[in-house]
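Heads up: the sequence lines are chains F and H, in that order. Oh and the first sequence: position 114 is 114 in my numbering, straight run, nothing missing. Oh and the second sequence: position 342 is 342 in my numbering, straight run, nothing missing.
Derived from the structure by calculation, the hints contain no laboratory data. One should not assume that every hint holds.
What the hints assert, rightly or not - With a straight-line cut-off of 30 Å between C-alpha atoms, the simulated DSS-like cross-links for lysine-lysine are:
| id | chain 1 | residue 1 | chain 2 | residue 2 |
| --- | --- | --- | --- | --- |
| 1 | F | Lys-51 | H | Lys-190 |
| 2 | F | Lys-140 | H | Lys-275 |
| 3 | H | Lys-228 | F | Lys-26 |
| 4 | F | Lys-140 | H | Lys-247 |
| 5 | H | Lys-262 | H | Lys-224 |
| 6 | H | Lys-275 | H | Lys-364 |
| 7 | H | Lys-202 | F | Lys-43 |
| 8 | H | Lys-343 | H | Lys-369 |
| 9 | F | Lys-26 | F | Lys-51 |
| 10 | F | Lys-142 | H | Lys-224 |
| 11 | H | Lys-142 | F | Lys-26 |
So you can see what is in the structure, the chains are spelled out below.
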Amino acid sequence: MDLTQLLAQYPHEENRLIDLLLDIQKQKNNHFISEQEIQMVAKHIGVSEAKVCSVISFYTLLSFHPRGRYVIQICRDIPCHINHSASIVGTLEQLLGIQMGQTTQNGLFSLEYSSCLGHCDAPPSMRIDGRTYVHLTPDKVKAIISEYRGRTP
Amino acid sequence: MERKLISARCGVINPLSIDDYIKTGGYVALRKALRMERIEILEEISDSKLRGRGGAGFLTSTKMMGLAKESGPMKYIVCNADEGEPGNFKDRFLIENDPHQIIEGMAIIAFATRANHGYIYVRGEYDHAIEVLQWTLLEARKHKFLGNNIMDSDFSFDIELRSGAGSYVCGEEFALIESIEGKPGRTRVKPPFPTSIGLFGKPTLIQNVETLVNIPAILTMGGKAYSKIGMPNCTGTKLISLSGNVKNKGVYEIPFGISIRKVIFELGGGIENNKKLKMVQLGGACGPFIPEYMLDMLIDYERFEEFESKTGAGAIIVVDDRFDLFDLMLRVVRFFEHESCGKCTPCREGHAQLVILLQKFIDKKASMKDLISIESLARVMHQTALCGLGQSSPTAIISTLRYFRDEYIDRCDIWTN
Ligand SMILES: Cc1cc2nc3c(=O)[nH]c(=O)nc-3n(C[C@H](O)[C@H](O)[C@H](O)COP(=O)(O)O)c2cc1C
Ligand code: SF4
Ligand code: FES
Numbered sequence: 001m002d003l004t005q006l007l008a009q010y011p012h013e014e015n016r017l018i019d020l021l022l023d024i025q026k027q028k029n030n031h032f033i034s035e036q037e038i039q040m041v042a043k044h045i046g047v048s049e050a051k052v053c054s055v056i057s058f059y060t061l062l063s064f065h066p067r068g069r070y071v072i073q074i075c076r077d078i079p080c081h082i083n084h085s086a087s088i089v090g091t092l093e094q095l096l097g098i099q100m101g102q103t104t105q106n107g108l109f110s111l112e113y114s115s116c117l118g119h120c121d122a123p124p125s126m127r128i129d130g131r132t133y134v135h136l137t138p139d140k141v142k143a144i145i146s147e148y149r150g151r152t153p
Numbered sequence: 001m002e003r004k005l006i007s008a009r010c011g012v013i014n015p016l017s018i019d020d021y022i023k024t025g026g027y028v029a030l031r032k033a034l035r036m037e038r039i040e041i042l043e044e045i046s047d048s049k050l051r052g053r054g055g056a057g058f059l060t061s062t063k064m065m066g067l068a069k070e071s072g073p074m075k076y077i078v079c080n081a082d083e084g085e086p087g088n089f090k091d092r093f094l095i096e097n098d099p100h101q102i103i104e105g106m107a108i109i110a111f112a113t114r115a116n117h118g119y120i121y122v123r124g125e126y127d128h129a130i131e132v133l134q135w136t137l138l139e140a141r142k143h144k145f146l147g148n149n150i151m152d153s154d155f156s157f158d159i160e161l162r163s164g165a166g167s168y169v170c171g172e173e174f175a176l177i178e179s180i181e182g183k184p185g186r187t188r189v190k191p192p193f194p195t196s197i198g199l200f201g202k203p204t205l206i207q208n209v210e211t212l213v214n215i216p217a218i219l220t221m222g223g224k225a226y227s228k229i230g231m232p233n234c235t236g237t238k239l240i241s242l243s244g245n246v247k248n249k250g251v252y253e254i255p256f257g258i259s260i261r262k263v264i265f266e267l268g269g270g271i272e273n274n275k276k277l278k279m280v281q282l283g284g285a286c287g288p289f290i291p292e293y294m295l296d297m298l299i300d301y302e303r304f305e306e307f308e309s310k311t312g313a314g315a316i317i318v319v320d321d322r323f324d325l326f327d328l329m330l331r332v333v334r335f336f337e338h339e340s341c342g343k344c345t346p347c348r349e350g351h352a353q354l355v356i357l358l359q360k361f362i363d364k365k366a367s368m369k370d371l372i373s374i375e376s377l378a379r380v381m382h383q384t385a386l387c388g389l390g391q392s393s394p395t396a397i398i399s400t401l402r403y404f405r406d407e408y409i410d411r412c413d414i415w416t417n
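Please construct the entire structure, taking both the sequences and the accompanying hints into account.
Structure below.
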């Protein structure tokens with residue numbers, strides 16, 4: 001869907017701004033909001049571009065910068081930390097050949113830390129592309145990553 | 001030991017089936033409410049002595065009365081499902097396992113207070129919970145439990161779903177309001193309180209998911225009977241999110257007044273891998289760390305308030321003795337540093353300073369002067385921050401300075417100053 005079509009589904013109301021931005025990001029392979037999109041969104045909603053930018057910079061799930069097709073968010077809070085989340089970070093960095101905060105050369109994966117994902121009963125946990133994975137072990141992580149690698153044409 | 005008042009259906013019914021919900025007594029309380037006088041409903045809730053389950057433990061009836069008193073054509077009910085406090089997952093558990101309860105609770109409150117529109121604000125990372133709620137709202141509307149002329153009465157009320165976008169502070173009432181309005185989630189100075197000037201400038205009642213699901217239970221059993229469960233000033237049951245180095249992690253529903261020790265060792269099956277318990281963090285990142293000898297403390301808001309912080313959301317994070325106190329506190333402070341909205345100085349600057357000070361203790365390069373600094377900084381933040389985030393974030397430090405002071409002293413180099 002192109003941006004004009006997407007915008008048409010949203011009323012010209014400021015209170016839908018966050019929903020709209022999340023939706024735009026979700027439709028894109030590189031999950032970010034570009035300058036041109038900021039301009040068009042501002043015009044559609046009827047607010048200043050500065051206001052749209054202030055929203056993007058405030059919320060962790062919104063980004064000004066291109067990210068991987070699959071954004072991997074790894075929980076870094078205590079219940080996961082004391083249940084071996086560090087070994088998951090290590091496994092992912094090694095598997096993907098990047099450090100936390102980076103995106104793979106082919107644009108497929110980004111690694112990010114996340115605050116608690118609310119799955120502390122099944123630690124450690126991570127979220128990829130709208131799905132949360134729990135009870136992670138290095139082997140399980142390897143299987144999940146190769147599944148995502150296999151998905152792309 | 002468990003007492004399943006609000007979680008009885010969880011894991012038993014198909015949460016996506018409205019028929020399952022109705023067959024197990026669902027929407028009976030709403031039907032009953034629609035035949036009652038509005039003031040009677042408020043009185044039942046007042047009799048129940050129900051307190052908010054989102055953390056602050058405020059009397060629900062007082063807030064509801066506040067909203068009921070407001071006149072005007074638009075009044076809002078907001079369900080706070082932003083659950084982002086590390087260690088808490090009981091709201092997700094309720095949404096994913098028994099979502100209609102939330103709708104029913106909101107509709108009853110809306111009827112009693114003459115509110116006409118509702119919002120459920122769910123954190124953006126709760127993808128599955130969001131899908132469940134979308135479906136549940138559709139089903140409830142289809143069966144006339146939402147929308148115009150609910151159950152053929154003259155009462156109309158509908159609910160919209162809004163999702164967050166990754167910000168813990170949006171769980172704070174005014175930050176949440178700003179976020180629903182489409183803005184960065186920065187709090188406002190109180191008063192006025194949301195019940196007088198809230199969402200879109202209109203009177204707004206904000207309640208936690210768990211608080212709301214208690215409403216149908218109260219109407220079904222009666223407020224007086226409900227108030228007999230639990231403790232005299234802390235009635236009903238509480239969902240506990242049990243996590244960390246404990247065997248059986250998960251959500252447990254207990255009456256108030258059970259000891260923390262019983263929850264960990266009887267419901268939770270004790271510590272994993274035969275390790276020794278070192279400490280427990282109560283409530284989540286904003287709560288105190290307490291040592292083993294305090295575990296006989298009963299779960300009761302009155303007791304928790306003694307920690308100078310309101311930590312009632314019900315998380316219990318168990319930590320065994322492999323872990324270093326300072327490393328964990330650094331994680332707590334970094335969490336709040338990341339989540340601070342930046343509006344007030346004590347919080348915006350304070351966390352960065354706390355990180356520097358804690359790092360000195362971790363590196364064993366701290367001096368007695370640093371000990372005094374960290375103590376006074378934590379107190380100043382607690383007393384002067386604008387919202388609950390900055391007021392409660394130093395709790396972990398304040399509590400460990402009290403219960404684990406030796407560990408601080410051990411890491412001070414007495415020759416440095
Ligand atoms: C930083 C911060 C985060 C909060 N997060 C939540 C939350 O995720 N869910 C919640 O119900 N209450 C949260 N609260 C408490 C709310 O401000 C508010 O007290 C609560 O939603 C009121 O509902 P209750 O009376 O039913 O507990 C938070 C408070 C602060 C200061
Ligand atoms: S205490 Fe922190 S989160 Fe709250 S208003 Fe101040 S800066 Fe923002
Ligand atoms: S701490 Fe990782 S999901 Fe809660």
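Exercise. Is the straight-line distance between the alpha-carbon of Lys-51 of chain F and that of Lys-190 of chain H 30 Å or less?
Worked result: Between Lys-51 of chain F and Lys-190 of chain H the Cα gap is close to 24 Å, so the pair holds against 30 Å.
Exercise. CA of Lys-343 of chain H to CA of Lys-369 of chain H, is that 30 Å or under?
Worked result: holds (29 Å)
Exercise. Is Lys-262 of chain H within 30 Å of Lys-224 of chain H, Cα to Cα?
Worked result: holds (27 Å)
For this session: For the pair we were handed, Lys-26 of chain F and Lys-51 of chain F, check the Cα-Cα distance against 30 Å.
Result: holds (21 Å)
Exercise. Keeping to a limit of 30 Å between CA atoms, is the pair of Lys-142 of chain F and Lys-224 of chain H held or broken?
Worked result: violated (55 Å)
Exercise. Are the Cα positions of Lys-228 of chain H and Lys-26 of chain F separated by 30 Å at most?
Worked result: violated (49 Å)
For this session: Take a quick look at whether Lys-140 of chain F and Lys-247 of chain H sit within 30 Å of each other, Cα to Cα.
Result: OK: Lys-140 of chain F and Lys-247 of chain H at ~21 Å, within 30 Å.
For this session: Decide if the proposed pair is consistent with the structure: Lys-202 of chain H and Lys-43 of chain F, CA atoms, cutoff 30 Å inclusive.
Result: Roughly 27 Å between the alpha carbons, so the hint for Lys-202 of chain H and Lys-43 of chain F holds.
Exercise. Taking 30 Å as the top limit, are the C-alpha atoms of Lys-275 of chain H and Lys-364 of chain H close enough?
Worked result: holds (26 Å)
Problem set entry | Given hint Lys-275 of chain H paired with Lys-140 of chain F - CA-CA distance at most 30 Å | Roughly 25 Å separates the two Cα atoms, so the pair holds.
Exercise. Given the hinted pair Lys-142 of chain H and Lys-26 of chain F, is their alpha-carbon gap at most 30 Å?
Worked result: Holds, because 29 Å separates the two Cα atoms, which is no more than 30 Å.
Of the numbered hints stated above, those contradicted by the structure are hints 3, 10, listed in ascending order.
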